[in-house]
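K.L.:
Here the protein sequences come in this chain order: E and V.
If you count the first sequence from 1, you need to add 28 to reach our numbering.
If you count the second sequence from 1, you need to add 14 to reach our numbering.
These aren't lab readings, by the way, just hints derived from the structure by calculation.
Please read these numbers as outputs of a predicted model, since none were measured by experiment.
Treat the hints with caution; some may be incorrect.
Said to hold, decoys possible - Just a sample of chain V residues kept apart from chain E, beta carbon distances all over 12 Å, derived:
{"hint": "1", "residue": "A41"}
{"hint": "2", "residue": "V43"}
{"hint": "3", "residue": "H94"}
{"hint": "4", "residue": "I105"}
To be verified - Heads up, simulated DSSO-like pairs for lysine-lysine below, C-alpha to C-alpha not over 30 Å straight-line:
{"hint": "5", "chain 1": "V", "residue 1": "K159", "chain 2": "V", "residue 2": "K146"}
{"hint": "6", "chain 1": "E", "residue 1": "K62", "chain 2": "V", "residue 2": "K72"}
{"hint": "7", "chain 1": "V", "residue 1": "K160", "chain 2": "E", "residue 2": "K90"}
{"hint": "8", "chain 1": "E", "residue 1": "K90", "chain 2": "E", "residue 2": "K52"}
{"hint": "9", "chain 1": "V", "residue 1": "K34", "chain 2": "E", "residue 2": "K90"}
To be verified - To spell it out: a stretch of chain E is covered by chain V in this simulated footprint if at least three of its residues, at any positions, have a beta carbon under 8 Å from a beta carbon of chain V; those stretches are:
{"hint": "10", "region": "31-37"}
{"hint": "11", "region": "65-79"}
{"hint": "12", "region": "84-91"}
Cβ atoms here follow ideal geometry from the backbone N, Cα and C, with glycine treated the same way.
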Amino acid sequence: MTILYFARLRDEIGTSEEKLSPPKGVKTVGELLKWLREQSPAHGHALGPGASLKVAVNQEYKGLEAPFGADDEIAIFPPVTGG
Amino acid sequence: MIRVQLETFDVGEELAALTKGQTDIGAAVTFSGLVRDFTGDDGVQKLTLEHYPGMTEKELARIEAEAVDRFGLTASLIIHRFGELAPGDPIVLVIACAAHRGDAFDGARFMMDFLKTNAPFWKKEEGVQGDKWVDAREEDDAARKKWT
C-alpha cells in the first residue's frame with residue numbers, strides 16, 4: 029500500500045511517499061493513522077491525535093471509519109490552502 | 015472545464031474563449047485570485063503552490079459539476095495554477111455563466127468557497143525571514159458551510 033504525504037506533513041515526517049504493509053487488524057483509516065503514529069517519533073508527532081489531518085483514499089476524501097485495501101493509494105495532508 | 019497548470023493565464027482571453035458563440039449566456043461572473051504581497055518588506059518573496067496531481071483535477075471537476083447542477087450554469091471554467099508565483103501573479107480563475115446574474119454570482123462564489131476548503135493545494139510563503147506554510151482559515155470553512 030502506498031501512503032503519500034504533502035506539504036508540512038511531508039516536511040515533518042521526512043518523506044513524500046512510503047510503501048507499507050500494516051498488519052491485518054488495521055482495517056480503517058482511523059486504525060491506519062494510529063498504526064502510523066507508532067512507526068517513528070516523527071510520525072507520532074506529525075500524525076498525533078491533535079493534528080489537523082485530511083485523508084484521501086484513491087483520491088477521494090474519506091473519514092476515519094472508512095475501510096481501505098492493500099492496493100489503495102492513501103494520501104494524508106494538512107487542511108488545504110489553495111485558491 | 016477544469017485546468018490545473020503551471021502557466022499563467024489571461025482573464026480576458028479565457029472569458030472570450032469560454033463564451034464564444036454561446037447565445038444563452040445573459041450573465042458571466044469572473045473571479046480571479048492573485049498573490050498578495052504578504053511580508054510588506056523588500057525581501058525576495060515567492061509563493062510556492064504544491065498540489066496533489068490527479069486529485070486536484072478530480073476535486074475541481076466535482077466542484078464545478080455541483081455548481082452547474084445546482085445553479086443551472088450554461089458555461090463554466092476553473093483554472094488553478096501551481097508552482098512558483100510572485101506577488102501580483104494570478105493564481106486562480108473561476109468563471110460562471112448563466113441566463114441570469116443571480117445564478118452566475120452564486121455559481122462563482124460556490125465554486126470558490128468549495129475550492130478553498132477542498133482542492134488539494136498548499137501554499138508556502140518564502141521570504142528573507144525563511145519559509146512558512148500558510149495556515150487554513152476558519153473563515154473559509156465558515157463560508158463553505160453556509161452553502162448547505
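K.L.:
A separate judgement is required for each hint: does it hold in the structure or not?
P.N.:
Taking the hints in turn, this is what the structure says about them:
1. A41: holds (22 Å)
2. V43: Check passes; 16 Å lies beyond 12 Å.
3. H94: violated (6 Å)
4. I105: violated (7 Å)
5. V:K159 - V:K146: Judged against 30 Å, a Cα distance of about 27 Å means the pair holds.
6. E:K62 - V:K72: holds (28 Å)
7. V:K160 - E:K90: Distance of about 22 Å is within 30 Å: holds.
8. E:K90 - E:K52: holds (20 Å)
9. V:K34 - E:K90: Violated. K34 of chain V to K90 of chain E sits at ~39 Å, over the 30 Å cutoff.
10. 31-37: Satisfied; 4 residues make the cut.
11. 65-79: Three-residue rule not met by the region 65-79 of chain E, so violated; n is 0.
12. 84-91: With 4 residues in contact (Cβ-Cβ under 8 Å with chain V), the coverage given for the region 84-91 of chain E holds.
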